Amino acid sequence: MARNTLSLTLQSGSASMQREVGIDDAVVAGWTGRDPAAVEKHIKELEALGVKRPVSTPVFYRVSAARLTTATEIEVAGPHSGGEVEFVLLRYGGRMWVGAGSDHTDRQVETYGVTVSKQMCDKPVAPVFWWYDEIAPHWDQLLLRAHVMENGERTIYQEGPVTAMLAPLDLIGRYVVPGVRGRVGTGRLPENTLMFCGTLAASGGVRPTERFEFEIEDPVLNRKITHSYAVRILPVLG
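Taking the numbering used here, I'd label the letters of the sequence shown as residues 532 to 769.
No lab work stands behind these hints, which were simulated from the structure alone.
This structure is a prediction, so every number in the text was calculated from the model and none was measured.
Don't take each hint at face value.
Claimed, not checked - The following label-pair restraints were derived from C-beta to C-beta distances: (1) 751 to 550: 23 to 29 Å; (2) 626 to 567: 29 to 35 Å; (3) 546 to 755: 17 to 23 Å; (4) 665 to 585: 19 to 25 Å; (5) 682 to 719: 43 to 49 Å; (6) 665 to 734: 18 to 24 Å; (7) 553 to 684: 36 to 42 Å; (8) 624 to 753: 24 to 30 Å; (9) 553 to 662: 15 to 21 Å; (10) 643 to 753: 43 to 49 Å; (11) 692 to 553: 19 to 25 Å.
Said to hold, decoys possible - Under the rule of at most 16 Å between Cα atoms (straight-line distance), these lysine to aspartate or glutamate pairs were calculated in the EDC-like manner: (12) 583 to 571; (13) 755 to 690; (14) 755 to 665; (15) 755 to 744.
Yeah, the Cβ is synthetic: ideal placement off N, Cα and C, and Gly gets one too.
I would like the entire structure built from these sequences, with the hints used as guidance.
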């Protein structure tokens with residue numbers, strides 16, 4: 532098993548701990564909306580780009596843990612990829628942690644193979660995580676937000692509450708762990724597993740992005756986790 536180690540800051544109460552966190556498994560959950568109408572809207576949004584509708588919802592795509600990165604620049608092949616803001620869940624040290632990430636995806640490849648498209652690009656995550664138990668009581672008040680640079684201007688790309696997606700324990704309860712019979716117990720990801728948990732509709736439609744800024748906001752504890760990255764486009768020669 533190839534472990535990817537990320538340098539993360541884990542925040543719990545007033546404590547802020549720097550840790551080298553080994554991640555063995557990365558999962559991208561798709562079509563995780565609580566509102567069936569919103570899920571259908573996102574499915575149609577992607578169908579317009581040629582992406583086949585899922586067999587069932589939600590779905591859980593496995594990607595290489597090596598794709599996870601806290602870097603401020605990623606490299607992609609061709610100009611057809613873009614980011615998506617998501618809250619991410621991490622099981623580490625016997626606790627569950629919450630952060631923010633971008634499910635950067637090759638939109639052209641997505642039209643013929645969603646699983647392949649998920650593996651094509653690095654998956655940026657912010658290097659700060661909050662202890663889930665601290666925010667669980669006010670989870671539904673958290674907000675997600677993303678901006679892109681277009682024509683030299685910083686533009687809102689996605690914005691909305693986490694209530695657009697299934698609540699963490701509900702989502703995890705639907706995840707079947709590979710190689711293990713049955714489902715994960717309520718609220719418990721396997722240790723050293725990171726899961727992307729779904730996204731919001733894009734303002735103006737899903738499109739390629741060359742610079743992506745994303746954040747999760749906790750208005751109750753008055754804090755944010757933010758991260759941004761640039762996209763370096765590599766040439767496609769055949």
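Do the hints match the structure? See the list:
1. About 25 Å separates the C-beta atoms of residue 751 and residue 550, a value consistent with the hinted range of 23 to 29 Å.
2. With their beta carbons about 32 Å apart, residue 626 and residue 567 fall inside the hinted range of 29 to 35 Å.
3. Distance hint check for residue 546 and residue 755: the Cβ-Cβ separation is about 18 Å, which falls inside the suggested range of 17 to 23 Å.
4. Between residue 665 and residue 585 the C-beta distance comes to about 33 Å, which lies outside the given range of 19 to 25 Å.
5. The hinted window of 43 to 49 Å between residue 682 and residue 719 holds, with their beta carbons roughly 45 Å apart.
6. Restraint check, residue 665 to residue 734: a C-beta distance of roughly 30 Å breaks the suggested window 18 to 24 Å.
7. Distance hint check: the CB atoms of residue 553 and residue 684 are about 40 Å apart, consistent with the given range 36 to 42 Å.
8. Between residue 624 and residue 753 the CB atoms are about 26 Å apart, so this pair conforms to the stated range of 24 to 30 Å.
9. Under the hint 15 to 21 Å, the C-beta atoms of residue 553 and residue 662, about 18 Å apart, fit the expected range.
10. Taking the beta carbon of each, residue 643 and residue 753 are about 45 Å apart, inside 43 to 49 Å as hinted.
11. Restraint check, residue 692 to residue 553: a C-beta distance of roughly 32 Å breaks the suggested window 19 to 25 Å.
12. Proximity of residue 583 to residue 571 is assessed by CA-CA distance (about 12 Å); at most 16 Å being required, the pair is judged to hold.
13. For the proposed pair residue 755 and residue 690, the alpha carbon gap of about 14 Å is at most 16 Å, so the pair holds.
14. For the hint linking residue 755 to residue 665, the alpha-carbon distance of about 14 Å falls within 16 Å, and the restraint holds.
15. Taking the CA atoms of residue 755 and residue 744, the gap is near 13 Å; set against the 16 Å cutoff, the hint holds.
In this structure, the earlier hints numbered 4, 6, 11 are contradicted, and the remaining ones agree with it.
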